[in-house]
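Going down the list, the protein sequences come from chains A and B. So the first sequence is numbered by this note's numbering: it starts at 315 and just counts up by one. So the second sequence is numbered by this note's numbering: it starts at 667 and just counts up by one.
To be clear, the hints were calculated from the coordinates, so they are not data collected in a lab. This structure is a prediction, so every number in the text was calculated from the model and none was measured. Just so it is clear, CB atoms sit at the ideal spot from N, CA and C, and this is done for glycine as well. Any given hint could turn out to be false.
[What the hints assert, rightly or not] Okay, derived cross-link-like pairs now, SDA-like style, lysine to any residue, Cα gap no bigger than 25 Å in a straight line:
#, chain 1, residue 1, chain 2, residue 2
1, A, Lys-348, A, Trp-359
2, B, Lys-759, B, Ala-736
3, B, Lys-759, B, Ala-830
4, B, Lys-759, A, Leu-547
5, B, Lys-801, A, Trp-359
6, B, Lys-801, A, Val-351
7, B, Lys-759, A, Ser-354
[Stated by the list, open to error] Non-contacting residues of chain B with respect to chain A, defined by C-beta distances greater than 10 Å in every case (computed):
#, residue
8, Gly-686
9, Ala-836
10, Glu-919
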Amino acid sequence: MSDEALLAERPATASGSAEPTDGSALRDLWLVAKLDVAESLRARWFAVYSVVFGGIVALLFAFAVTESRILGFLGLSRLLVTYIQICMAILPIFVLVTTVRSVAGDREAGVFEYLLALPVSLGGWYWGRLVGRFAVVFLPVFAAMAAGTGWAVLQEIPVPWHLFGLYTAFLAALAWCFLGIGMLVSSIARSVDVAQGAAFVIWLVLVLFLDLILLGVMVQERVAPETAVAFALANPLQVFRTGAMLLFDPELVLLGPSAFVILDAFGRTGYLAWTLGYPAAIGTLCAALGFRWFRRHDLP
Amino acid sequence: MIGATAGDVRVSGLSKAFRGTRVLDGVDLAIEPGERVALVGANGAGKTTLIRCLLGQYTHEGDVSLGGLAPRSARSQVLQRVGFVPQLPPPLKMPVPVLLDFASAVCGSPRERMCEVSVRLGLAPDSLGRRPFAKLSGGQKQKLLIAVALGRETDVLILDEPAANLDPDARAVFFELLAERAERTSMLISSHRLDEVAALVHRVVELDRGKVALDDRIADSGSLAVRLACRIELARPEEAAARALRAWGLREEAGGRVFEGTLAGPDRLRFLGTVSRYSALISSLELRQAPREDA
Numbered sequence: 315m316s317d318e319a320l321l322a323e324r325p326a327t328a329s330g331s332a333e334p335t336d337g338s339a340l341r342d343l344w345l346v347a348k349l350d351v352a353e354s355l356r357a358r359w360f361a362v363y364s365v366v367f368g369g370i371v372a373l374l375f376a377f378a379v380t381e382s383r384i385l386g387f388l389g390l391s392r393l394l395v396t397y398i399q400i401c402m403a404i405l406p407i408f409v410l411v412t413t414v415r416s417v418a419g420d421r422e423a424g425v426f427e428y429l430l431a432l433p434v435s436l437g438g439w440y441w442g443r444l445v446g447r448f449a450v451v452f453l454p455v456f457a458a459m460a461a462g463t464g465w466a467v468l469q470e471i472p473v474p475w476h477l478f479g480l481y482t483a484f485l486a487a488l489a490w491c492f493l494g495i496g497m498l499v500s501s502i503a504r505s506v507d508v509a510q511g512a513a514f515v516i517w518l519v520l521v522l523f524l525d526l527i528l529l530g531v532m533v534q535e536r537v538a539p540e541t542a543v544a545f546a547l548a549n550p551l552q553v554f555r556t557g558a559m560l561l562f563d564p565e566l567v568l569l570g571p572s573a574f575v576i577l578d579a580f581g582r583t584g585y586l587a588w589t590l591g592y593p594a595a596i597g598t599l600c601a602a603l604g605f606r607w608f609r610r611h612d613l614p
Numbered sequence: 667m668i669g670a671t672a673g674d675v676r677v678s679g680l681s682k683a684f685r686g687t688r689v690l691d692g693v694d695l696a697i698e699p700g701e702r703v704a705l706v707g708a709n710g711a712g713k714t715t716l717i718r719c720l721l722g723q724y725t726h727e728g729d730v731s732l733g734g735l736a737p738r739s740a741r742s743q744v745l746q747r748v749g750f751v752p753q754l755p756p757p758l759k760m761p762v763p764v765l766l767d768f769a770s771a772v773c774g775s776p777r778e779r780m781c782e783v784s785v786r787l788g789l790a791p792d793s794l795g796r797r798p799f800a801k802l803s804g805g806q807k808q809k810l811l812i813a814v815a816l817g818r819e820t821d822v823l824i825l826d827e828p829a830a831n832l833d834p835d836a837r838a839v840f841f842e843l844l845a846e847r848a849e850r851t852s853m854l855i856s857s858h859r860l861d862e863v864a865a866l867v868h869r870v871v872e873l874d875r876g877k878v879a880l881d882d883r884i885a886d887s888g889s890l891a892v893r894l895a896c897r898i899e900l901a902r903p904e905e906a907a908a909r910a911l912r913a914w915g916l917r918e919e920a921g922g923r924v925f926e927g928t929l930a931g932p933d934r935l936r937f938l939g940t941v942s943r944y945s946a947l948i949s950s951l952e953l954r955q956a957p958r959e960d961a
């Protein structure tokens, strides 16, 4: 085939970049996302992941969390509050470790070498993997919550639909955030061990900055509350935690004096928007940086 | 590149280093359309790195182009016309139909065409149901990867020890498939042993520590699709020899003393290598070019 015919089939961009300008990048994205879902559904991590989140909801029902009362919360609201707290503890590390293991693992095992020898655009490949992976990490978490809610409907337990909707959006934002971080780590790290180690350290730092380091710094250095709050607002885990807390504790009594800074600066609605937008932005930024790295360096 | 022809492979001053270690060091190579080149060299000579540069997977110094386009900057356009078979099948967990659907969609080639190639190699993809690719045998994986590479229009084939896991019948079909596109497709066939690929190529390029150590044309190896009628008589029946000859698809007669059948022409050197292990037992050996059997 001549160059002209070849170029007519899949035209290059004016700059001669790797990404085609026609709809083939979107088509590739969709195909790769489907492929990633098909791969993940067969992976052991996905089975464990689904069982863990489904099991949590089953356990919450089994231990009659819907019957217990705390801060005035009862029924499904109580279950959702507990579920969201547990998700905050385990979802980030699950997403980070499974993402870096499977993406960096694929690179190490030669999957990249083969699949990236097919005429798939790098953008379609990278973002397709991100979208496919988002589906497989978010859907089990959502499905467990939805199953619990469905059960509550059958049992005629009142369902707080606004809480259900907000928690769904929070979880999606949190999953996207750590997925983006995981993709960045996977793009830069050249081996599974390094990627997994880096992912664990990132998670640990964010967890430590939830309370331990944050409180320690505040007490020892006598930093201004605004500075400590700025740290907290930069930590997506803390943002999620405070946002979730805000839904059942509108005055943020549990948070102490920091609540004044947060509520004065954001207001309740503003902070809920921050809880959704900030982790999503962090995830997107990290994913974009990861793509930039991925595109400019060795692929396998 | 203006004036370049599809199937042209041009490598100029190609260098690649990993953490300060130079794996390719100023490699120059030109492959004309329709040319079949063996890429040989010891482990670590730089064969895989060169292949990955040709596939646009590595950053590098120097220039690489296929059909006049750089695979790094125009990868989709270039790879649309390149078929690749890796040395080691990737551990894909996806079911076989998902892999075929994906490959046919991104390559823009009907899935049926890939399935036809696979069937010719002796593997009907439909018979595998939804088995994960990773659970197939080595030979089955290799046949599917060859089917994906050859089940579409390509100008360049990059094959990394492609026939290593194939049985003799499948190897013969594989050589026929290569012969069918030999006139219009450039081929780069990598192996760490020249005898594995010598009969398939016109030219041998040997890499040694990242440099081209040898670039030589070899005597015309004849048609890739030629078949050889083979007859071997042993001085006495011997189970080890019989097992080896049966593995080549030869029929056993006269109580294990005579073996007959056909071989793929390009396999003659490999076959003689096998037979040489039992040379003391052989009382007669005949290899004759056979008329091509209709399928």
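Status of the hints after comparison with the structure:
no.: 1; hint: A:Lys-348 with A:Trp-359; in the structure: holds (18 Å)
no.: 2; hint: B:Lys-759 with B:Ala-736; in the structure: violated (32 Å)
no.: 3; hint: B:Lys-759 with B:Ala-830; in the structure: holds (22 Å)
no.: 4; hint: B:Lys-759 with A:Leu-547; in the structure: violated (40 Å)
no.: 5; hint: B:Lys-801 with A:Trp-359; in the structure: holds (18 Å)
no.: 6; hint: B:Lys-801 with A:Val-351; in the structure: holds (18 Å)
no.: 7; hint: B:Lys-759 with A:Ser-354; in the structure: holds (8 Å)
no.: 8; hint: Gly-686; in the structure: holds (15 Å)
no.: 9; hint: Ala-836; in the structure: holds (20 Å)
no.: 10; hint: Glu-919; in the structure: holds (43 Å)
Hint check: violations occur at hints 2 and 4; the rest are consistent with the structure.
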